[in-house]
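*Asks:* Taken in order, these protein sequences are the chains called W and Z. Numbered as in this note's numbering, the first sequence ends at 651 without a single skipped number. Numbered as in this note's numbering, the second sequence ends at 651 without a single skipped number.
Careful: at least some of the hints might be erroneous.
[As the list claims (entries may be wrong)] The calculated DMTMM-like cross-link candidates involving lysine to aspartate or glutamate, where the alpha carbons are at most 20 Å apart (straight line), are:
no., chain 1, residue 1, chain 2, residue 2
1, Z, 525, W, 627
2, Z, 533, W, 627
3, W, 515, W, 647
4, Z, 559, Z, 541
5, W, 522, W, 532
6, W, 577, W, 519
7, W, 625, Z, 624
8, Z, 495, Z, 560
9, Z, 525, Z, 568
10, W, 525, W, 546
11, Z, 571, Z, 517
12, Z, 599, W, 631
13, Z, 533, W, 631
14, W, 577, W, 562
15, Z, 599, W, 638
16, Z, 534, W, 631
17, W, 625, Z, 528
18, W, 522, W, 566
19, Z, 556, Z, 624
20, W, 542, W, 532
21, Z, 599, Z, 541
22, W, 598, Z, 597
23, W, 564, W, 647
24, W, 542, Z, 629
25, Z, 534, W, 627
Please keep in mind that the hints were generated in silico from the structure rather than gathered at the bench.
Each chain is listed here by its residues.
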Amino acid sequence: MSKQDLIHPELADVHVVEDSQDLTRSDVILKGALAAGAVYGVGMVGPFVKRALAMSEGGDIEILNFALTLEYLEAKFYEEAKKRAKPNRELTELIDLIAEDEKQHVEALTATVKQLGGKPVAEPKFDFPYSDAAGFLKLAETFEDTGVSAYNGAAPSIKSKDVLASAGAIVQVEARHAAAIRLQNKQEPAPEAFDSPLDEAQVLKAVEPFIA
Amino acid sequence: MPETGSAVSRRKFMALTGGSATMAAVLAACGDDSGTTTTTTSQGGTSGGDETAQFGKGDIGILNYALTLEYLETAFYADVAKSGLFKGADLATIKKFGSEEAEHVAALTAAVKQLGGKPAKEPKAEFPLDDAKSVLELAGTVENLGAAAYLGQAGNIKDPKVLASALAIHSVEGRHAAALNTLLGESITPDGAFAKLADVKTVLKSVEPFIVA
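Chain W extracted, bound-state conformation:
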């Protein structure tokens, strides 16, 4: 801790961000998870933290398992939406298409984890708070945009070129979903010139509220 921190305790947050490069990945994940716990209740984050921490130690298998958790969430979300979102015909077509893609992503990631000698993570229980198509679409936008940034954040850490190629093939499809969902919401399909990466802690924070 520098003198500056002591003199200006109000800068502590800023310094945590600056110092984060020196922290281990475990520290960063824990910090994010604790922040999520502070907002959503500590009891909630337990199992998820354990999984995320395991990821920071192990490389491609753990990254794939992290991605698998996000794909579980999306697959379940769209599967449920077929009935729950009360979609009109146009939206039904889009939901069907995306649900099928997410299902295939779950299958591919599960298979890849196994083939690399790892154990696929179990599917968490999810809880999606919405009651109509508009609420569904708002959540969908969050999930797809988060998914894109999660893959973009994790991909540079992937060691195997084959795993990287697969992650790339998936993230582009997530980006396409994001654009289509945003168009449904009358939003810019590509609001920024660059899809900024999110780290694990940020992704955790974004999806934690939906894990039951």
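Position chain Z against the provided structure of chain W, taking the given hints into account.
*Replies:* Just chain Z, lined up with the frame of chain W:
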């Protein structure tokens, strides 16, 4: 500790993934345009890791290849915006996409310089601007190809920061492609759940007709 991805040779990985139709499809999609061969590598083409050598060495060559494509996209959208073929929301979309491509040009130019390379020159290009429908179709083709081109290079990039930048652009190209496909009434994911990549040869052959100098 089981063998991790980095330790698994490509051959072994292919053998391992042979049992999964889905992953086999992904890996086949990582081959050439025909998508029927598994002899091509996930590195994006048939010539190994240095298909962009004509644009420079290593990451600089890849960045300059991307820069050349972004120059073409920027010029295309600028010409389309000036053509008078589009108004209102469609024109706004075209201008927005064009400005994002221009940002990609700026970022890639800066990245090449940071690596000590010389940025590729802007090619002179002409595009057929006959009517709104054919222009939108061309835009869709260009964006889908652009996204596939980035995907084709991801595995060849050495510097993780360059990879992170390329990925941040890649998904935006995917967004553009899906938005245009929506406008055209086409599938947002024409390749299905796993996007296909395009190798350098295929991409350059596709854009060649538009380059005049």
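*Asks:* Decide, hint by hint, whether the structure agrees.
*Replies:* Hints versus structure:
no., hint, result
1, Z:525 to W:627, "17 Å, holds"
2, Z:533 to W:627, "12 Å, holds"
3, W:515 to W:647, "15 Å, holds"
4, Z:559 to Z:541, "16 Å, holds"
5, W:522 to W:532, "13 Å, holds"
6, W:577 to W:519, "15 Å, holds"
7, W:625 to Z:624, "19 Å, holds"
8, Z:495 to Z:560, "19 Å, holds"
9, Z:525 to Z:568, "15 Å, holds"
10, W:525 to W:546, "27 Å, violated"
11, Z:571 to Z:517, "15 Å, holds"
12, Z:599 to W:631, "19 Å, holds"
13, Z:533 to W:631, "13 Å, holds"
14, W:577 to W:562, "23 Å, violated"
15, Z:599 to W:638, "14 Å, holds"
16, Z:534 to W:631, "9 Å, holds"
17, W:625 to Z:528, "13 Å, holds"
18, W:522 to W:566, "15 Å, holds"
19, Z:556 to Z:624, "39 Å, violated"
20, W:542 to W:532, "16 Å, holds"
21, Z:599 to Z:541, "17 Å, holds"
22, W:598 to Z:597, "12 Å, holds"
23, W:564 to W:647, "11 Å, holds"
24, W:542 to Z:629, "15 Å, holds"
25, Z:534 to W:627, "9 Å, holds"
Checked against the numbered hints above, the structure violates hints 10, 14 and 19; every other hint is satisfied.
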